[in-house]
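Here is what each chain is made of, one letter per residue.
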Amino acid sequence: MKRLPASLVVNALLALAAAVALLPLLWMLSVSFMRPGEADSFPPPFLPRAPSLAAYKELFAHQGVGRDFANSLFLASAATALSLLFNVTAGYAFAKLRFAGRDRVFQILLGALVIPGQVAMIPLFLMLKTVGLVNNFGGVLIPAAAGVFGIFLVRQYALSIPDELLEAARVDGASEFRIFRSIVLPALRPILVTLATFTFLATWNDFMWPLIVLSDDRLYTLPVALASLSREHVQDAELMMAGAVVTVLPVLLLFIALQRYYIRGLLAGSVKG
Amino acid sequence: MTVRPSRRSALGQLVAGPLAACSNGAGDGTVLTFWAMGREGEVVQALMSTFERANPGVTVQVQQLPWSAAHAKLLTAFAGGSLPDVCQIGNTWLPEFVALRAVERLDARVLASSVVKPSDAFGGIWRTNVVDGGLYGVPWYVDTRLLFYRRDLLARAGFGAPPTTWAQWLSAMQAVKRMVGRGAYAALLPLDEYEPLLTLALQQDAPLLRDGGGRGNFRSPGFKAALAFYAEIFARGLAPPASDADIGNLYDEFARGYFSFYVTGPWNLGEFKRRLPAPDQGAWMTAPMPGPGGPGAGLAGGASLVVFRRSPRKDAAWRLIEYLSTTEVQSRFWALTGDLPSRKDAWSAPALVNDIHAAAFREQLERVKPTPQAPEWERIATEMQLVAARMVSERLTVDEAATEIDRRADRLLEKRRWMLARGLGTPA
Amino acid sequence: MKRDRAGWIFVAPAMTIIGLFFFLPVAAAFVLSLTDFDIYALADLGNLRFVGLRNYGELLANPLFWQAVANTLYFVVVGVPLSIAASLGAALLLESRLARFKGFFRTALFAPVVTTLVAVAVIWRYLLHTRYGLINYGLGEIGVRPVDWLGDPHWAMPAIILFAVWKNFGYNMIIFVAGLQTIPEDLYEAARIDGASALRRFWHVTLPGLAPVVLLVSLLTIAGYLQLFAEPYVMTQGGPAQSTVSILYFMYEQGFKWWSLGMASAVAFLLFAMMLAVTVIQLAIARRRGML
Chain L
-5 MKRLPASLVV NALLALAAAV ALLPLLWMLS VSFMRPGEAD SFPPPFLPRA
45 PSLAAYKELF AHQGVGRDFA NSLFLASAAT ALSLLFNVTA GYAFAKLRFA
95 GRDRVFQILL GALVIPGQVA MIPLFLMLKT VGLVNNFGGV LIPAAAGVFG
145 IFLVRQYALS IPDELLEAAR VDGASEFRIF RSIVLPALRP ILVTLATFTF
195 LATWNDFMWP LIVLSDDRLY TLPVALASLS REHVQDAELM MAGAVVTVLP
245 VLLLFIALQR YYIRGLLAGS VKG
Chain V
1382 MTVRPSRRSA LGQLVAGPLA ACSNGAGDGT VLTFWAMGRE GEVVQALMST
1432 FERANPGVTV QVQQLPWSAA HAKLLTAFAG GSLPDVCQIG NTWLPEFVAL
1482 RAVERLDARV LASSVVKPSD AFGGIWRTNV VDGGLYGVPW YVDTRLLFYR
1532 RDLLARAGFG APPTTWAQWL SAMQAVKRMV GRGAYAALLP LDEYEPLLTL
1582 ALQQDAPLLR DGGGRGNFRS PGFKAALAFY AEIFARGLAP PASDADIGNL
1632 YDEFARGYFS FYVTGPWNLG EFKRRLPAPD QGAWMTAPMP GPGGPGAGLA
1682 GGASLVVFRR SPRKDAAWRL IEYLSTTEVQ SRFWALTGDL PSRKDAWSAP
1732 ALVNDIHAAA FREQLERVKP TPQAPEWERI ATEMQLVAAR MVSERLTVDE
1782 AATEIDRRAD RLLEKRRWML ARGLGTPA
Chain Z
21 MKRDRAGWIF VAPAMTIIGL FFFLPVAAAF VLSLTDFDIY ALADLGNLRF
71 VGLRNYGELL ANPLFWQAVA NTLYFVVVGV PLSIAASLGA ALLLESRLAR
121 FKGFFRTALF APVVTTLVAV AVIWRYLLHT RYGLINYGLG EIGVRPVDWL
171 GDPHWAMPAI ILFAVWKNFG YNMIIFVAGL QTIPEDLYEA ARIDGASALR
221 RFWHVTLPGL APVVLLVSLL TIAGYLQLFA EPYVMTQGGP AQSTVSILYF
271 MYEQGFKWWS LGMASAVAFL LFAMMLAVTV IQLAIARRRG ML
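Chains as they are written, first to last, in the working numbering: chain L, -5 to 267; chain V, 1382 to 1809; chain Z, 21 to 312.
Check before you lean on any hint, since a few could be wrong.
Claimed, not checked - A few chain L residues that face chain Z, going by a derived Cβ cut-off under 7 Å, partial list only: (1) 5; (2) 8; (3) 18; (4) 32; (5) 41; (6) 83; (7) 126; (8) 186; (9) 221.
Claimed, not checked - Here are the simulated distance ranges between beta carbons: (10) V:1559 / Z:97: 45 to 53 Å; (11) L:14 / Z:223: 21 to 29 Å; (12) Z:224 / L:172: 53 to 61 Å; (13) L:172 / V:1482: 40 to 48 Å; (14) L:247 / Z:214: 15 to 23 Å; (15) Z:223 / V:1562: 57 to 65 Å; (16) Z:216 / L:67: 52 to 60 Å; (17) Z:227 / L:20: 29 to 37 Å; (18) V:1716 / Z:247: 43 to 51 Å; (19) L:229 / V:1492: 40 to 48 Å; (20) V:1659 / L:23: 34 to 42 Å; (21) L:29 / Z:209: 58 to 66 Å.
As the list claims (entries may be wrong) - Some but not every residue of chain V turned toward chain L, in silico, with C-beta under 8 Å: (22) 1419; (23) 1438; (24) 1440; (25) 1450; (26) 1452; (27) 1454; (28) 1457; (29) 1458; (30) 1462; (31) 1463.
No wet-lab data here; the hints were simulated from the structure.
This structure is a prediction, so every number in the text was calculated from the model and none was measured.
The beta carbon of each residue, even a glycine, is placed where N, CA and C say it ideally should be.
All chains should be built: construct the whole structure from the sequences, respecting the hints.
Structure representation (structure tokens):
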């Protein structure tokens, strides 16, 4: 008898919290289907009177959002591929391969996490300019191909690979590359999905660096295009919300599909057990 | 934002986009890149088809930049080597780009041109494009600030004609304020815009910078007089100590008489016509800026068209500029944007001649003065307004404010003084 | 020997990238901060002057820099406890034995974390609109006058704090959930047998058990919040009246609006120094309290 109210309270609070978390996103979806100017009325409408695709049509036909979407997709995919390529070997090596200075180098890398990335942005921009990597996708992809967080993620997971397994393979005469390919990679599969998810999401959502590096609007990614759009079209709520939907929905769906891996990655090294 | 609706499919662009970005720009056929800001960027695309037909083999790619990000964008593009061929830039930015040696000198081209002539332009506006004796831009459209006012409220307060001197303006504002009482004001001078104060400052004879543009001259009696007048308007409660963001919908506020005088620019000609309710359309009017002793000078604003020095397509770029400077295109551009033409004879278009609200601009443009042509000027003007806003909100004295502005200006100009001393920079 | 070489080959590509595209620019940024790189130097490198620590001196004497520091600290001092409290509260609710539909709730509460910051900042700009925004509408329904969230210098930063907490609380919530799961159930049982109320159980079992996690979370959150940039950039452009200029926003304007790159690099290093100091202080406090 006394348990019921407590259970009600807990679940009601959770529902309230979930509502607060989701309300802006639901409103975004709703307004994106409103007619131009409909949202600018008082009291603010929550649902469109007659759902219309006008905002989306304007976005794709006149604002080139289809192209921005393609750019975002390309960059996020390419970044994910590069990240897997560069970070996984390094992460495994830091975990399981012994080489001179391994732990010292890893500690230096961890120290780099304290340095805000923005410190490097300006000289990096000037550096990339001298090699012609400004205002193209290379400038966005290459500096991000490897990162301390990705290496850390892989390393933490790779630590759990049993040493005996690797030793046995070495005794059998397998080369390190062979071992990596046949034993380590399959064992690392869950963290590979995590790393891929993290990288895809982070690249898709990245804003400041593409803003600086890409000046040609044909290369814009969705966040940069949206920011640019928001400066010009501050009155067109419906248009902006449609743009927000196009930007947010893909990653939200990706997250929901892969949340197990994403959350595991989040916890890597944060909490033991 | 590329305004042209894409002819290629999205998939084609997916391939072409990154590839085109990786190549070095020297394309097949001439593709002119043209960056334009704000509304102009949205609209100018419509004018391109005629140009392309008249210049076969040339296509124009318009990219639109929002004004608030344009300055940063341009400098970043300069540093990154990705500037376009032709660009619209605010004429107050020109000295900066000349200092960067980013823009092409145009004297020879203008001399040889049958379309672009200095005599067709307003004197003050043309002068903004001449930096150290060289011409670096062609005026595209002009901008100045003047009075937009409620003539019905002014008449009710006892003033049948708009003020032409500061003293008259002050009495008119006081009369209106007495009439509207508390809860409303006589004028709106947003504290985050430096143009109104700058206009008052330019109406004085003393230059705003001294020593060849190496030091601030804000402690001159002339500037202090302008600053004092500005401060008095707020001190007497004639204008709200508010910024643009505080006002909300300023058209609604103007319509309901929250303020009767507003110092603003030509874009509001169209906005007022569009956003004020129909019955109020007869109630508002424009008038040239009152000066200390008679009709005063105004800001020589507006945008110019420039060719960037590193462009490999300067001849085609110049042809685009000539095209945009023809009387006919200037008139069409005005019809599309409401931006006032820089060519005097484009003002003879019947629609402009009959626009009673635009007449004040025509008059004011004959009396505009350029701002100091130091690359640091925009920052100095921003600091000047920050101090002026503090003066209003914290009740500083005019002397304190002027000293502070000078201090900040001198600090900003330190490098310039060093350059001038080494003979590198050029006096403003 | 062979393993040594293999080790180096395996890490070389990543190390090259990180060394070349991170550490090298950071070192260059430090050098840059000792020069007066500006647009004159952009035009011609010969106009560059080595000025030692003058940029740092000028920054420390610049009222707008201190305004940026004050704004950022305001954001951190108010936002971090709020964020941690919200995350902890949500985690406790989620981990409660009485909660239903945990999977759904967890996903819903975490969703804001993965959304694109720019997109949701745009959404929130509309929600915070003085007249047409849902937030003022909601406040109006309970009798509170409309607040000019993004136009009033007193309310702009609170609005950004509210937004940032909404966006991020799910992240720390997950970490707290994992932390809560490591506290042995027997401790709770023992406390319950001793007659401790829910509140006392929380104070004497949960919090001590969570201490290392709280430390980690606060370190991460403070470091993240000190790097406030995108929210002011999208929502307020540093206004109104510079009330939302953060340190990084100030750096961005110095560097990319005015091209005073020397000054901008100095700002970045001052921020780094601040972050380092805060981290060291927190770790020292934790060590003294025996949490480490």
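Against the structure, the hints:
| no. | hint | verdict |
| --- | --- | --- |
| 1 | 5 | holds, 6 Å |
| 2 | 8 | holds, 5 Å |
| 3 | 18 | holds, 5 Å |
| 4 | 32 | violated, 10 Å |
| 5 | 41 | violated, 12 Å |
| 6 | 83 | holds, 4 Å |
| 7 | 126 | violated, 15 Å |
| 8 | 186 | violated, 15 Å |
| 9 | 221 | holds, 5 Å |
| 10 | V:1559 / Z:97: 45 to 53 Å | holds, 47 Å |
| 11 | L:14 / Z:223: 21 to 29 Å | holds, 26 Å |
| 12 | Z:224 / L:172: 53 to 61 Å | holds, 54 Å |
| 13 | L:172 / V:1482: 40 to 48 Å | violated, 58 Å |
| 14 | L:247 / Z:214: 15 to 23 Å | violated, 48 Å |
| 15 | Z:223 / V:1562: 57 to 65 Å | holds, 59 Å |
| 16 | Z:216 / L:67: 52 to 60 Å | holds, 54 Å |
| 17 | Z:227 / L:20: 29 to 37 Å | holds, 35 Å |
| 18 | V:1716 / Z:247: 43 to 51 Å | holds, 48 Å |
| 19 | L:229 / V:1492: 40 to 48 Å | holds, 45 Å |
| 20 | V:1659 / L:23: 34 to 42 Å | holds, 37 Å |
| 21 | L:29 / Z:209: 58 to 66 Å | holds, 60 Å |
| 22 | 1419 | holds, 7 Å |
| 23 | 1438 | violated, 21 Å |
| 24 | 1440 | violated, 14 Å |
| 25 | 1450 | holds, 6 Å |
| 26 | 1452 | violated, 13 Å |
| 27 | 1454 | holds, 6 Å |
| 28 | 1457 | holds, 6 Å |
| 29 | 1458 | holds, 4 Å |
| 30 | 1462 | holds, 6 Å |
| 31 | 1463 | holds, 4 Å |
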